[in-house]
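Put the two chains together into one complex; each comes in its own frame, and the hints tell you how they fit.
Single-letter residue listing:
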Amino acid sequence: EAGVAQSPRYKIIEKRQSVAFWCNPISGHATLYWYQQILGQGPKLLIQFQNNGVVDDSQLPKDRFSAERLKGVDSTLKIQPAKLEDSAVYLCASSLSPDGRLYGYTFGSGTRLTVV
Amino acid sequence: GQQVMQIPQYQHVQEGEDFTTYCNSSTTLSNIQWYKQRPGGHPVFLIQLVKSGEVKKQKRLTFQFGEAKKNSSLHITATQTTDVGTYFCAGSSNTGKLIFGQGTTLQVKP
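Residue numbers (this note's numbering), protein chains in the order written: chain A, 1 to 116; chain B, 1 to 110.
The shape of chain B in the complex, shown without the other chains (with noise of 0.2 angstroms):
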């Protein structure tokens, strides 16, 4: 069946440092969205992508979505303490179902 994988699983960055996390699908995908989680909250929604090759921009935070559209990345520029939690891709097929990577948990040193 489909399965989302995510890496890396966790990420260690001084305050100011960039971080990225990545996203492949073993399909090919009709759209990717990604969700941050605070440490003991839920997951809340932060964008969606359906285009190949599409880039999309929040702030300090980009998201790409792969040309062949089973992979996507996150890339946050210069990162704060308000970054901190688990950032996770959600990948959904044709069958309209949603699977979750297992997430990359970022930590930031002040």
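Extracted from the complex, chain A is given alone in its bound form (with noise of 0.2 angstroms):
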């Protein structure tokens, strides 16, 4: 079956710019999780979707991410304005139940995102 498909792989901008990060889960995922993973740390939560209405968003900075998923199905992660700490990893996941049991979650190859 397909993975998870993340784009754009690389993107570097200025601070104080937008950026946009898209996000295909597996098909028949009904929960997608964005992710962000600083240079040797874990991955953090930002946001959990069920379906397309928000599960988990308390993590999410919300004066200046926000996410949607509509229809359910793609979803797409946006940052304005962007700050130098949010130069990171965003990985998309998906996962056939709510907290990943049996499969585990499945991760998209991410979108490395630096801030300059």
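Source of the hints: derived by calculation from the structure; they are not laboratory data.
Check the hints yourself; a few may be wrong.
Claimed, not checked - Straight-line distance between alpha carbons at most 20 angstroms, and here's what the computed PhoX-like set of lysine-lysine pairs gives:
| no. | chain 1 | residue 1 | chain 2 | residue 2 |
| --- | --- | --- | --- | --- |
| 1 | B | K97 | A | K44 |
| 2 | A | K83 | A | K15 |
| 3 | B | K36 | A | K44 |
| 4 | B | K56 | B | K70 |
| 5 | A | K78 | A | K11 |
| 6 | B | K51 | B | K109 |
| 7 | A | K78 | A | K15 |
| 8 | B | K97 | A | K62 |
| 9 | B | K70 | B | K109 |
As the list claims (entries may be wrong) - Partial selection, computed: residues in chain A whose CB lies under 8 angstroms from chain B:
| no. | residue |
| --- | --- |
| 10 | Y10 |
| 11 | E14 |
| 12 | G42 |
| 13 | G72 |
| 14 | G108 |
Each residue gets a CB set at the ideal place from its N, CA and C atoms; glycine is no exception.
Below, the structure is given as structure tokens:
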């Protein structure tokens, strides 16, 4: 089966600019996650969707980050305006069940964002 | 809030030696998952443990879930260069939210 697709693979922007990342999960996976992984750290959950509804966005910096999952399939994560500390890899993941039971999460290859 | 800690942060071993990483949660977990991330790659699901005291094996890898469901370990027997990468544990509480540890990076010298 096809994996989780993410684009772009890399992005370099100046601080205060905006950027958007796209994710297409595995077909049939109702739950979609966006994680931020700073170099040398574990992935940190930003937002979790169940179909097109938000389950958890408690760690999403809502003053600059936004995410949507229209029609319960693809998702977009946006940062506006970007700060230097947003430099990280943004990982999208999907799972069959909300807590990844049985099969875990399937991650995409991520988007490496560098803010200069 | 829930925290998941892993030790050690780094481990360098000679090929053929054993390796163990430990994971501890501040709260009781409903399940724990383990992932491997190769350098430059993304996390890949290895296994899930659900039951108290559960032990699962995958070839040279042995995974354990503590009796109190607050800690876990991953043990690799006779490491190979293909084992290089960062191993993450991720714990889920009754909220369903999966929290990742900071990972243990394994380097294997041939």
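How the hints compare with the structure:
no.: 1; hint: K97(B) / K44(A); in the structure: holds (11 angstroms)
no.: 2; hint: K83(A) / K15(A); in the structure: holds (5 angstroms)
no.: 3; hint: K36(B) / K44(A); in the structure: holds (16 angstroms)
no.: 4; hint: K56(B) / K70(B); in the structure: holds (17 angstroms)
no.: 5; hint: K78(A) / K11(A); in the structure: holds (13 angstroms)
no.: 6; hint: K51(B) / K109(B); in the structure: violated (35 angstroms)
no.: 7; hint: K78(A) / K15(A); in the structure: holds (14 angstroms)
no.: 8; hint: K97(B) / K62(A); in the structure: holds (19 angstroms)
no.: 9; hint: K70(B) / K109(B); in the structure: violated (32 angstroms)
no.: 10; hint: Y10; in the structure: violated (12 angstroms)
no.: 11; hint: E14; in the structure: violated (25 angstroms)
no.: 12; hint: G42; in the structure: holds (4 angstroms)
no.: 13; hint: G72; in the structure: violated (18 angstroms)
no.: 14; hint: G108; in the structure: holds (7 angstroms)
In terms of the numbered hints stated before, the structure departs from hints 6, 9, 10, 11 and 13, listed from lowest to highest.
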